[in-house]
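J.: These are the residues of each chain, in order.
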Amino acid sequence: MSVPYAKLPGWVEYGLIPLVNLIVAFMVAGLVVLVVGESPLEAAYHMVNGAFGRGEYIGFTLYYATTFIFTGLAVAVAFHAGLFNIGGEGQAYVAGIGVALACLWLDRIMPWYVVFPVAILGAALFGAAWAFLPGWFQAKRGSHIVITTIMFNFIAASLMNYMLNRVMKPLGSMSLETRTFDTGGQLPKLDWLMKIFGLSVGTSPFNVTFLLALAAAFGVWVLIWRTRLGYEMRTMGHSPAAARYAGIKEARIIVITMMISGALAGMMALNPIMGETYRMQLDFVQGAGFVGIAVALMGRSHPAGIIPAAILFGVLYQGGAEISFEMPSISRDMIVIIQGLVILFAGALEHMFRPAITAAVLAFSGRERTEAAVKGA
Amino acid sequence: MGELAIELKGIDKSFGLVHANRDINLQVRKGTIHGIIGENGAGKSTLMSILYGFYQADSGEILVDGRPVQIRDPNAAIAAGIGMVHQHFMLVENFTVLENVMLGAEESRILNAGIAKARAELKRLEKEYALEVNPDAVIEELPVGLQQRVEILKALYRKADILILDEPTGVLTPAEADHLFRILEQLKAQGKTIILITHKLREIMAITDEVSVMRRGEMVATRETDKTSVEELAELMVGRRVLLRVQKGEAQPGDVKLSVSNLTVRDSRGVTMVDNVSFDLRAGEIVGIAGVAGNGQSELLEAIAGIRRAVSGSVALNGEAIDVTGHADPAELRRRGLAHVPEDRHHVGLVLKFEESENAILGYHDDPKYRRGLLLDIDAIRADAEEKIEKYDIRPPNTRLKTANFSGGNQQKIVLAREMERDPDVLIIGQPTRGVDVGAIEFIHKRIIEMRDQGKAVLLVSVELDEIRALSDRILVMFAGRIVGERGPDATEGELGLLMAGVEGRKEAAE
Numbered sequence: 001m002s003v004p005y006a007k008l009p010g011w012v013e014y015g016l017i018p019l020v021n022l023i024v025a026f027m028v029a030g031l032v033v034l035v036v037g038e039s040p041l042e043a044a045y046h047m048v049n050g051a052f053g054r055g056e057y058i059g060f061t062l063y064y065a066t067t068f069i070f071t072g073l074a075v076a077v078a079f080h081a082g083l084f085n086i087g088g089e090g091q092a093y094v095a096g097i098g099v100a101l102a103c104l105w106l107d108r109i110m111p112w113y114v115v116f117p118v119a120i121l122g123a124a125l126f127g128a129a130w131a132f133l134p135g136w137f138q139a140k141r142g143s144h145i146v147i148t149t150i151m152f153n154f155i156a157a158s159l160m161n162y163m164l165n166r167v168m169k170p171l172g173s174m175s176l177e178t179r180t181f182d183t184g185g186q187l188p189k190l191d192w193l194m195k196i197f198g199l200s201v202g203t204s205p206f207n208v209t210f211l212l213a214l215a216a217a218f219g220v221w222v223l224i225w226r227t228r229l230g231y232e233m234r235t236m237g238h239s240p241a242a243a244r245y246a247g248i249k250e251a252r253i254i255v256i257t258m259m260i261s262g263a264l265a266g267m268m269a270l271n272p273i274m275g276e277t278y279r280m281q282l283d284f285v286q287g288a289g290f291v292g293i294a295v296a297l298m299g300r301s302h303p304a305g306i307i308p309a310a311i312l313f314g315v316l317y318q319g320g321a322e323i324s325f326e327m328p329s330i331s332r333d334m335i336v337i338i339q340g341l342v343i344l345f346a347g348a349l350e351h352m353f354r355p356a357i358t359a360a361v362l363a364f365s366g367r368e369r370t371e372a373a374v375k376g377a
Numbered sequence: 001m002g003e004l005a006i007e008l009k010g011i012d013k014s015f016g017l018v019h020a021n022r023d024i025n026l027q028v029r030k031g032t033i034h035g036i037i038g039e040n041g042a043g044k045s046t047l048m049s050i051l052y053g054f055y056q057a058d059s060g061e062i063l064v065d066g067r068p069v070q071i072r073d074p075n076a077a078i079a080a081g082i083g084m085v086h087q088h089f090m091l092v093e094n095f096t097v098l099e100n101v102m103l104g105a106e107e108s109r110i111l112n113a114g115i116a117k118a119r120a121e122l123k124r125l126e127k128e129y130a131l132e133v134n135p136d137a138v139i140e141e142l143p144v145g146l147q148q149r150v151e152i153l154k155a156l157y158r159k160a161d162i163l164i165l166d167e168p169t170g171v172l173t174p175a176e177a178d179h180l181f182r183i184l185e186q187l188k189a190q191g192k193t194i195i196l197i198t199h200k201l202r203e204i205m206a207i208t209d210e211v212s213v214m215r216r217g218e219m220v221a222t223r224e225t226d227k228t229s230v231e232e233l234a235e236l237m238v239g240r241r242v243l244l245r246v247q248k249g250e251a252q253p254g255d256v257k258l259s260v261s262n263l264t265v266r267d268s269r270g271v272t273m274v275d276n277v278s279f280d281l282r283a284g285e286i287v288g289i290a291g292v293a294g295n296g297q298s299e300l301l302e303a304i305a306g307i308r309r310a311v312s313g314s315v316a317l318n319g320e321a322i323d324v325t326g327h328a329d330p331a332e333l334r335r336r337g338l339a340h341v342p343e344d345r346h347h348v349g350l351v352l353k354f355e356e357s358e359n360a361i362l363g364y365h366d367d368p369k370y371r372r373g374l375l376l377d378i379d380a381i382r383a384d385a386e387e388k389i390e391k392y393d394i395r396p397p398n399t400r401l402k403t404a405n406f407s408g409g410n411q412q413k414i415v416l417a418r419e420m421e422r423d424p425d426v427l428i429i430g431q432p433t434r435g436v437d438v439g440a441i442e443f444i445h446k447r448i449i450e451m452r453d454q455g456k457a458v459l460l461v462s463v464e465l466d467e468i469r470a471l472s473d474r475i476l477v478m479f480a481g482r483i484v485g486e487r488g489p490d491a492t493e494g495e496l497g498l499l500m501a502g503v504e505g506r507k508e509a510a511e
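Sequence lines, in order, name chains A and B.
Counted the way the UniProt record's numbering counts, the first sequence spans residues 1 to 377.
Counted the way the UniProt record's numbering counts, the second sequence spans residues 1 to 511.
If we strip away everything but chain A, and leave its shape as in the complex, we get:
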């Protein structure tokens, strides 16, 4: 019948509303802390201090953010084509093989800046391959991508168990991991970047993958809004009927989109493997693929939203670890609760405060101006 919500200025749509949602999420989290018998203010202090208090903490925060930028972008790209890729977890996990192979092959004979591009390629290829199958099943057989990508997460976990147990583990070793890479397989930390701000990375694994993540975010923006492929993806995402009418080949777009999504999720593997542990360990993804869903939701599937959302989740991870360290009665699970609340308010209940905020903004900005704005509509 009519538009239920008015179009709001950008700063309200992308600034104020997410901020209000976030504040509410933290307030409810504070209540939970209170119930546990601790001071929410103290927890908040540890959260902020733990995430930003020192250069090293900031390094950790951005290290986590790097991971979430990749998985968030992966989910967002698929969203634009109307696909819900829940398989980022498995795609990132399998992509680890690509990274590890590149490192194991070249780390002793090449410097990092030669190994890195090869590893990027390997990560993207393995991630894309793991996403290709669900995409292809959806395109050709109509198997729903949500179901197949979830199943592929489990298959990936088993596959990686096998690979680390039987194939990639050095002979005689007891732990499920590859050998530690030589200097060629170790990415430099971003000391110089932190120094600009007078900080030091300390022991944090903040590394050049962060820059790759920023470049990937820009690349995704270009892809979605400035290329023909992105145009076709968005057309299909908004209206499959319109895509058919326009002669866009649905199967092709599904497969390509999933492969791009998988490649982005896969690049996440670079960060822990080459940037932190210098070897591939069992279960190195640690749920980052799922966090990517929340990041994409919060960031409205736009790279400019995904970067701050990823940093926010970096804060939750790093600051949360600090809380559980400083306040023993709050376990690490508390962080999962806070994350859950953020997802609840920023994702599921996104529209809860919108009517009130819309009304307030309209009252504030005055009727005459707004009417002039829609003149002729």
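Incorrect hints may appear among the rest.
Result set (BS3-like, lysine-lysine): computed pairs, CA atoms no more than 27 Å apart in a straight line [to be verified]:
{"id": "1", "chain 1": "B", "residue 1": "Lys227", "chain 2": "B", "residue 2": "Lys30"}
{"id": "2", "chain 1": "B", "residue 1": "Lys30", "chain 2": "B", "residue 2": "Lys159"}
{"id": "3", "chain 1": "B", "residue 1": "Lys402", "chain 2": "B", "residue 2": "Lys388"}
{"id": "4", "chain 1": "B", "residue 1": "Lys402", "chain 2": "A", "residue 2": "Lys249"}
{"id": "5", "chain 1": "B", "residue 1": "Lys123", "chain 2": "B", "residue 2": "Lys188"}
{"id": "6", "chain 1": "B", "residue 1": "Lys117", "chain 2": "B", "residue 2": "Lys188"}
{"id": "7", "chain 1": "B", "residue 1": "Lys446", "chain 2": "B", "residue 2": "Lys248"}
{"id": "8", "chain 1": "A", "residue 1": "Lys249", "chain 2": "B", "residue 2": "Lys369"}
{"id": "9", "chain 1": "A", "residue 1": "Lys249", "chain 2": "B", "residue 2": "Lys353"}
Hints in this document: simulated from the structure, not taken from any laboratory.
Given chain A, put chain B in place with the hints provided.
T.: This is chain B only, laid out in the frame that chain A set:
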């Protein structure tokens, strides 16, 4: 002056930035048929939704039978004696008539007692208002005209004294529409008050006692129907003089541009929608396909345009076959000179969430002129869109505005501009003016005739018989998937109406 059944005082309603109703005053006298007309987006539906409790007015007062009432939801409207027959029926398709009528008014948790009562009441209503329907018929097996009758019965069953009908004739054949009008007259004679929302001026003239005209959210005039004319009402609706029937010269048919032979199309359930259809379309002529919605016209268009696979038959474009039974590629057909204005612009012809300029290239986004290297050339795309906005007078002239924020008429112009400016050989158009305001209709009709005069072959599908008669050089009538007759542009409405109703097949509709 009789008593007032409904009085609205100073109704005002905004949706965020859109001021849909502005200080509306309306008086509807008891026992009359009151028409409300206005262009799409004039605020008719919003106003009626406020009256029926779907929306709350920001300010203003509603009086029913002289008493102020608060209508917070449809239940309150029903309690106040207001019933509504929606444009899209609100019926449970696999329930019987009786079950649908009872739905929401069951009176107790155990249905049996209620059913007997409802059946008796339904019998009484049918007798009193001459609304015969078999109470045990399943809705999906009834023709649309009867389904609408069930909607009316639903309202009466809930003791409605005031009936609102929203565009009730859109889905009916002329004969069914006439029957509906007889029912409405009958209801009026029994003292009911009827509010009829429509954009068809002819219906207003035929049946209403009074008519109110809305324009841009405001109530601009109320007239006694006897004392006004179609021309005056059209002018009030649009705010300027309009030509209701465009002028056109003789057609100069040339070569066959599109040739359809023995085309058969089934829908996803395997029901034959297009049954062995053959015809030729020549350059420089407009062939209109008349028919009641749902008789296969949509599927015919889609099959020709390559977005629905046909079961058998063949189609030739410019003498070369289109692979209609295999993988016809709409993009390929566009390159071969076929342009398609789809029936459903909201879901097919446009992506409503896109900016205007993005929709201006939909389907033609492959064109190298919109590309610069690997990227889309946004400047070229916007410049191109601006040109079309200028030429087709699309308002507001803003290439970056979301398409959803344009009015129906302007959205349609975006589609037409895109398809017509490509200089196609064959133009197939579905429902060119559905949900389009009177002012834009005139413009669109002119453009279609211009296309013909430039030697394009135009295939036109419309459920508006007036439109078919005004534009077509030849008229094909479709019924139940088959072409049941061909007539010239001077065929009378009655003649076409009988064909559209499939006289030989359905006695009921032709009575």
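J.: Against this structure, judge whether each hint is valid.
T.: Cross-check of the supplied hints:
{"no.": "1", "hint": "Lys227/B - Lys30/B", "in the structure": "holds (20 Å)"}
{"no.": "2", "hint": "Lys30/B - Lys159/B", "in the structure": "holds (15 Å)"}
{"no.": "3", "hint": "Lys402/B - Lys388/B", "in the structure": "holds (16 Å)"}
{"no.": "4", "hint": "Lys402/B - Lys249/A", "in the structure": "holds (25 Å)"}
{"no.": "5", "hint": "Lys123/B - Lys188/B", "in the structure": "holds (20 Å)"}
{"no.": "6", "hint": "Lys117/B - Lys188/B", "in the structure": "holds (26 Å)"}
{"no.": "7", "hint": "Lys446/B - Lys248/B", "in the structure": "holds (9 Å)"}
{"no.": "8", "hint": "Lys249/A - Lys369/B", "in the structure": "holds (21 Å)"}
{"no.": "9", "hint": "Lys249/A - Lys353/B", "in the structure": "holds (20 Å)"}
In summary, the structure agrees with every hint in the numbered list given earlier.
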